[in-house]
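Chemist: Residue numbers (this note's numbering), protein chains in the order written: chain Z, 547 to 787; chain C, 547 to 787; chain P, 547 to 787.
Simulated from the structure, these hints should not be mistaken for lab results. Being a predicted model, the structure only gives us computed values, none of them experimental. We put the beta carbon where it would ideally sit given N, CA and C, even for glycine. Among these hints, one or two may not hold up.
What follows is a list of derived Cβ distance ranges for each label pair [said to hold, decoys possible]:
(1) Z:Ile548 - P:Glu557: 32 to 42 Å
(2) P:Ala605 - Z:Ser753: 50 to 60 Å
(3) Z:Pro556 - P:Ala755: 40 to 50 Å
(4) P:Ala755 - Z:Asp696: 12 to 22 Å
(5) Z:Val750 - C:Arg656: 32 to 42 Å
(6) Z:Met759 - C:Arg774: 34 to 44 Å
(7) Z:Gly596 - P:His773: 19 to 29 Å
(8) P:Asp563 - Z:Gly596: 54 to 64 Å
(9) P:Asp563 - Z:Gly581: 14 to 24 Å
Stretches of chain Z that chain P covers, calculated by requiring three or more beta carbons in the stretch to come under 8 Å of a beta carbon on chain P [to be verified]:
(10) 678-688
(11) 753-762
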Amino acid sequence: MIHPTAHVSPESVLADDVTVGPFTVIHAGVELGPGTTVGSHCVLGEPGPGGPQPLSIGAGATIRSHCVLYAGSTFAERLETGHHATIREGVQAGTNLRVGTHADLQGDCRIGEYVRCHSSVFVAKGSRLGDFAWLFPRVVLTDDPRPPSDELQAPVIEEYAVLGAGAVILPGRVVGAGAVVAAGSVVAVDVPAGALSVGVPARVSRSAAEIRMGDGSPAYPWRTRFHRGYPQDVIDRRLDA
Amino acid sequence: MIHPTAHVSPESVLADDVTVGPFTVIHAGVELGPGTTVGSHCVLGEPGPGGPQPLSIGAGATIRSHCVLYAGSTFAERLETGHHATIREGVQAGTNLRVGTHADLQGDCRIGEYVRCHSSVFVAKGSRLGDFAWLFPRVVLTDDPRPPSDELQAPVIEEYAVLGAGAVILPGRVVGAGAVVAAGSVVAVDVPAGALSVGVPARVSRSAAEIRMGDGSPAYPWRTRFHRGYPQDVIDRRLDA
Amino acid sequence: MIHPTAHVSPESVLADDVTVGPFTVIHAGVELGPGTTVGSHCVLGEPGPGGPQPLSIGAGATIRSHCVLYAGSTFAERLETGHHATIREGVQAGTNLRVGTHADLQGDCRIGEYVRCHSSVFVAKGSRLGDFAWLFPRVVLTDDPRPPSDELQAPVIEEYAVLGAGAVILPGRVVGAGAVVAAGSVVAVDVPAGALSVGVPARVSRSAAEIRMGDGSPAYPWRTRFHRGYPQDVIDRRLDA
Numbered sequence: 547m548i549h550p551t552a553h554v555s556p557e558s559v560l561a562d563d564v565t566v567g568p569f570t571v572i573h574a575g576v577e578l579g580p581g582t583t584v585g586s587h588c589v590l591g592e593p594g595p596g597g598p599q600p601l602s603i604g605a606g607a608t609i610r611s612h613c614v615l616y617a618g619s620t621f622a623e624r625l626e627t628g629h630h631a632t633i634r635e636g637v638q639a640g641t642n643l644r645v646g647t648h649a650d651l652q653g654d655c656r657i658g659e660y661v662r663c664h665s666s667v668f669v670a671k672g673s674r675l676g677d678f679a680w681l682f683p684r685v686v687l688t689d690d691p692r693p694p695s696d697e698l699q700a701p702v703i704e705e706y707a708v709l710g711a712g713a714v715i716l717p718g719r720v721v722g723a724g725a726v727v728a729a730g731s732v733v734a735v736d737v738p739a740g741a742l743s744v745g746v747p748a749r750v751s752r753s754a755a756e757i758r759m760g761d762g763s764p765a766y767p768w769r770t771r772f773h774r775g776y777p778q779d780v781i782d783r784r785l786d787a
Numbered sequence: 547m548i549h550p551t552a553h554v555s556p557e558s559v560l561a562d563d564v565t566v567g568p569f570t571v572i573h574a575g576v577e578l579g580p581g582t583t584v585g586s587h588c589v590l591g592e593p594g595p596g597g598p599q600p601l602s603i604g605a606g607a608t609i610r611s612h613c614v615l616y617a618g619s620t621f622a623e624r625l626e627t628g629h630h631a632t633i634r635e636g637v638q639a640g641t642n643l644r645v646g647t648h649a650d651l652q653g654d655c656r657i658g659e660y661v662r663c664h665s666s667v668f669v670a671k672g673s674r675l676g677d678f679a680w681l682f683p684r685v686v687l688t689d690d691p692r693p694p695s696d697e698l699q700a701p702v703i704e705e706y707a708v709l710g711a712g713a714v715i716l717p718g719r720v721v722g723a724g725a726v727v728a729a730g731s732v733v734a735v736d737v738p739a740g741a742l743s744v745g746v747p748a749r750v751s752r753s754a755a756e757i758r759m760g761d762g763s764p765a766y767p768w769r770t771r772f773h774r775g776y777p778q779d780v781i782d783r784r785l786d787a
Numbered sequence: 547m548i549h550p551t552a553h554v555s556p557e558s559v560l561a562d563d564v565t566v567g568p569f570t571v572i573h574a575g576v577e578l579g580p581g582t583t584v585g586s587h588c589v590l591g592e593p594g595p596g597g598p599q600p601l602s603i604g605a606g607a608t609i610r611s612h613c614v615l616y617a618g619s620t621f622a623e624r625l626e627t628g629h630h631a632t633i634r635e636g637v638q639a640g641t642n643l644r645v646g647t648h649a650d651l652q653g654d655c656r657i658g659e660y661v662r663c664h665s666s667v668f669v670a671k672g673s674r675l676g677d678f679a680w681l682f683p684r685v686v687l688t689d690d691p692r693p694p695s696d697e698l699q700a701p702v703i704e705e706y707a708v709l710g711a712g713a714v715i716l717p718g719r720v721v722g723a724g725a726v727v728a729a730g731s732v733v734a735v736d737v738p739a740g741a742l743s744v745g746v747p748a749r750v751s752r753s754a755a756e757i758r759m760g761d762g763s764p765a766y767p768w769r770t771r772f773h774r775g776y777p778q779d780v781i782d783r784r785l786d787a
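Assemble the whole structure, with the sequences as input and the hints as a guide.
Modeler: As structure tokens, this is what we get:
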């Protein structure tokens, strides 16, 4: 159902069962897959510096109110956003991306499957986020080693890496697969795969595998441990990773 | 006055003198007390995972533009929000709560009276905020000790505690009554009542009572010292606390 | 072109070629210069505590969707904002100010020319930002030395200063001309002109002039080095500064 107050371009392509909320604007070139819900006060297909381009959003998406998604990106199935999120042009994202409330993705990012960006995450232009990477609230990925230079280097966050709340990742840094960055840390050197990095500036403290639950059992690698509501087939696939 | 462009459900209950701005959406089950003003582009009563539920907002509220308040919460008198704030379901809040611009309350919180959450504060699901607690800009309350675990523990901020700008409170930590957390600190251990905690990770530096004004007089406990525009009867009540 | 769904007060003054997007509200007393574009879902001229006042926005402005600009401010030519930004009353800003997505300027600020506030920057009431100052994502300028006191002291950021992502500037601190504050730093003492300040709390590490590019050439002072898309006449003027 398209709310009568929404402005939907006749040059967009919406599956039959798409829902669009009040006061939402959908520009030309937007494609919304079946089962998608778009909240109120959103803007989809905002023209970027490259002008009008397609914005392709796969089946089963949930886009909450007040979000702005630029033209020129492609999202696979089941994109889910919080409120007031913005996603600039040139993003290529795999299935089941979640982008939290007030998050700000600056465009040209390559994003794997089941990536989670929590509230108010800031992702610099050109960043790469591997499958199942988790960015907790207020994480910042930066891209300018000598600001305000013209030589930008975005970070790379590898698969299953976890960035704790408020962590700042400096330009060009690589956070390895399954690594954990503690909340509030500032990452100035690469974090090896599977390491726990802590502090300002962050230093490798130990292997993430040494982190224990209250009962003494190992907490990491988290893909063998935590479910967080993933479907069983996804959990099974993770365990094989 | 309800702006003619607003969409107000006939199943909501608005006091006679409520003002609703342009392009605002009010869902079924919302109750707004007398003297309440709702700005433009808001969404009140957004259905959460529990489906349609009441959202009760007491008398004299001011809700500024672009806010999203979910169904399933109760706010006492004189709620005041900045712009673009979001408040999820299950919040129980006392009188005179202020929630700043771009703040994000994740729901199921218990909030006392006269609590102040400044701009861009992030409050994890299930957090508890005591009477007159102050969270300054960009404070983050986290809830996951081993992210992305399934075992969440929200922080507790006791009455009259002050969290400086950008402070990060780690899961399950308790900031005691009247304690002060310095700006930019990361709180990994409980902060005793009346203590000043500073640093990354934060350590108790001294008693907050030792902090002096420029003239040498004690600044804390702040409830005996700072007015910040509270009405006289509230100041009198604080002094007795 | 004014979108037919926009609400534009007959007591505002819009140049002939102004563009206003859907669902935007423009209050009485707003003046928009020629060549200005206002996106959708904005509020311009929101009345502040001082009641209705003029809001003057110079020629060539671009104000993106979901922004809120209060009455009682004056912006020179070519203001540019991201999405969801808020700017409170009493701001006096020079030409070419950029205010990023989710940024929050608290009012009564004095802002020079070509100032850049990136995404989610928080600028305390009364702050002063010199010409060509750069505030990168999530920088916080605070104003209360003993929160929640009544004695506010806003920071001063001098011309060509650079504040890295996530930096917190404490109340009343001065960041000198051409100084660089590293990402994630908490600035508790004044930063001398031309210095690099790093850490929590931040300490002067060395002269910014010692920071080198990959090829060994000096990166700073950045006004002699980086273009970042400024027009040639602005670059020439900077070199003379």
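Chemist: Compare the structure with the hints numbered earlier in the document and write down the numbers of the violated ones, lowest to highest.
Modeler: Hints 3, 8, 9, 11 contradicted; others consistent.
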